[in-house]
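Those sequence lines, one after another, are chains E and F. For the first sequence, the working numbering assigns the number 1 to the initial residue and increments by one for each residue that follows. For the second sequence, the working numbering assigns the number 1 to the initial residue and increments by one for each residue that follows.
Source of the hints: derived by calculation from the structure; they are not laboratory data. Any given hint could turn out to be false.
Derived SDA-like pairs (lysine to any residue); straight-line CA-CA distance at most 25 Å [stated by the list, open to error]:
(1) E:Lys464 with E:Glu320
(2) E:Lys597 with F:Pro265
(3) F:Lys273 with E:Leu507
Quick caveat: nothing in here was measured; it's all calculated off a predicted structure.
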Amino acid sequence: MSKTGVFICHCGTNIASALDVYKVAEAAKAIPDVSYAAEYKYMCSEPGQQLILDAIKEQGLKRIVIAACSPRMHEITFRKMLKKSGVNEYLLEIANIREQDSWVHEDTGKATEKAIDLVRMAVAKVQKNEPLKTSFIPVTKRALVIGGGIAGIQAALDIADAGHDVVLLEREPSIGGRMAMLDKTFPTLDCSACISTPKMVDVSAHPNITLMTSCEVESVSGYIGNFKVAIRKKAKYVNHDICTGCGLCEEKCPVKTDSAFNRGLSKRPAIYKLFPQAVPAKPVIDKESCIKIKSGKCGLCEKICPLGCIDYNDEDRLVEEEFGAIVLATGYKLAEWQSMYDEYGAGRFPDVIDGLQFERLVNASGPTEGRITRPSDGKEPKTVVIVKCVGSRDIKKGHPYCSRACCMYAAKHAHQILEKIPGSRVFIFYIDVRTPGKGYEEFYDKTRKDGAVYVRGRVSRIYKEGDHIVCQGEDSLLGRQVRVNADLVVLETAMEPSEGSAELLGLLGCAKDEDGWIQEAHPKLRPVETQVGGVFLAGVCQGPKDIPDTVAQASASAAKAIGLLNKDEMETSPMIASVAEDKCSGCGACEPICPYKAITLERIPDREPGTGRKIERPAARVNAGLCQGCGACTVACRTGAIDLLGFRNNQILQEVDALWP
Amino acid sequence: MTYAEKQRLMRDRAAALIEDGIVAYIIGWRETRFPDKTAVFFARDKDDAERLVWNEYAVPLTAKYMTGDRWPDGKIGVFARGCDSKAINRLISDNQIERENVYIIGLPCEGKSDDRCLTCRQKDPVAYDELLWEPDSASPTVAGRGRFFRTEEVEALGTQERFDYWEDVYSRCIRCYACRNICPVCTCRECYVDMHRTGFQGKRQDTAENRVFGVTRAFHVGDRCIECGECERACPMGLPILGQTQKIIKTVERLAGDYESGMSPDKENFLGKFDKDDKDAFM
């Protein structure tokens, strides 16, 4: 008999109202290995924890079973408590009688029986548990922030201000991200560039920040505190060490190609800065459109450059850098509505544009210098239709989720049109208007008072009739079809994870949710952490959000990264895979199945059976820093040579046996 | 070429390889006291080479016997037909033997008089250092039954009949583990059935424990099985062991398209790999 104590939590009425906790306690007392059992209203509370600690002391308990909520909630709480008690914190089992019992069953009698079974299983398993010790690994005091939008910029600045070195990585030639494309920001209408460009300058001037633009992550290895990241520095064809950004080359370049930054509404040369306030304020050559690189002719920019910065033979380079923490701030792209909504013209009508195109149109540094005009003929539109939820909240054609920022920027777009074009009319087709944010409802209200007409319903069809773009849809409040002859249509399209984010998540071993956004470790309690230790997330890459939320989350993830980097060494979970080398046949089944690349096949010294000759044979080895304890390898191992500490095969079998004695 | 002519070639080549020191010994077949049975035989010198036989009863798989000598002094010579060569590939990809320790003398097979050859898809060796005679290009596979006929016969039964069928199978299994011992992909240092302290496999001799063994064995070989059928040949109770494993292979074929284990020494465990591009329709 091992002196096991069982503690049953009422969880207020969460558990106690659905099953008989007293009966469970009585039944627990009758289990041979149990020497003490008690129930209490809130085991996780301070008096609850004290009750357990007192019982350990008075009863001399050696192993603990707590029947309460999911171990995801409070296992760590109780482990911390056990550190004070002298009982190893891994001689603890949680029987989940809340999520797996009281919350999901209606029959009190049967729920009680199930709780007793769960307790019996936990008691059986804890008998086979073994004390585990945490170990420590050193931390590389350096952070990598991937993505140079406002989220990445904020995270980098916060981490750097705390005194840690930061590399801010951006695949475009300039940081700034989507926010740099915007004109004004709701609800205060401050100019996006005025509030974001100073931050961009701060980044480039910060002594602790290394800015790496035109760079992409090639591969990631290592683990929390010790990541090794291979970074591809894409060829810029311009030596930024000497370039002063004078701009002569941009003027001379004969190439005119679509400007992605202006969403195809204007042209740019092949040697270009992303936008006038770009950081770094130096041009790069786009090799896809440069005549010299493609055909060997031209070379005008090289001739005009007074400093000789141009190098047409520049090549991509790979560098490897080490980091302790990684912040993902990879942002979003807008949905390709053209391929989703044939009924909206599928891109055939130039005067049907998306929200970011509108931002460029209305932006003083955009292609029209801030005049709202129709892309087709440059005329000023008098009637504008704004369609919300294009691709969002549309299970059939788009995404089930709400893109969150569109309601507000649709109102902002309406406001800007009404303000800039006297006598204009704006119709906004909507499903719901969602304005949860400080000053948001007031802004929406003001836009309506300004004259924006909100029509509740989806647009079913957009077609051309003469000079007009006709938007037809149902006004579901009036219950009838409406048709608006518009001059310009703005589709507020869904946000989607940015290009390449799935591949990046694959490199990091991070999970994505069903919509492709990065899965946070816990939606409520660990919202800025990923399931991979040391990898944090900021901004829209986790799910659609607006600028205030993005910046707040960026600072939150920076706080997490700073917390990690402030440590000289960090504790690792001892619940990791462990190889019994004597049993391992070296077949390597575990190696490819490990999502964290934690297993390698090594040659270990041994003696040949029979002859005793010294030989070497292959066997699996687990990198304790990389292993996240998922247990995939233990299932792949036919011989059971790999065990997950804390979930050893014999511990689990013991638990199963307890269910069918 | 007749069997006798081929046998002559085999004996001469074996003697030469051993004499020239290219191999330390050669694994082949010899006669037994039963006229319709041969046994696997290790030829170590010229005289041994004269005892090698090649006839329609040269059925047993040679490849598995190499696992008894993982750190050989010199190369192990092995006579290999299609099935043996697939087994060798499998042993290499499971890290049980090393290619440079093996010298493969390929024997394009005629198809033998054993049930295990009924669904043979590779008569000709898929890996070898030399071929002893030219393959018969007219019939690269044995024109026997469909690949999954064993599985399909059971699949055709109704639910209750199928349950009764397997209950009958497991009531007859004596858990001698002959199927495991002869299997070229059963190469664990310690088989899970022998780990009594962990308690995966109970020791009782009853249908329930036999069931655990039968199903677990099938999954442990599963996608790695080379379909040589040695398990069924070795089973003293005549149980449908290959047919059961082929149920898994048939499923893999459905998910992955054409699939045959052992065709190359590269890892090809369909069920044992993790890929971010895996179909996850169930998630």
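Structure-based check of each hint:
| no. | hint | in the structure |
| --- | --- | --- |
| 1 | E:Lys464 with E:Glu320 | violated, 54 Å |
| 2 | E:Lys597 with F:Pro265 | holds, 22 Å |
| 3 | F:Lys273 with E:Leu507 | holds, 16 Å |
Hint compliance for this structure: hint 1 is the single one not met.
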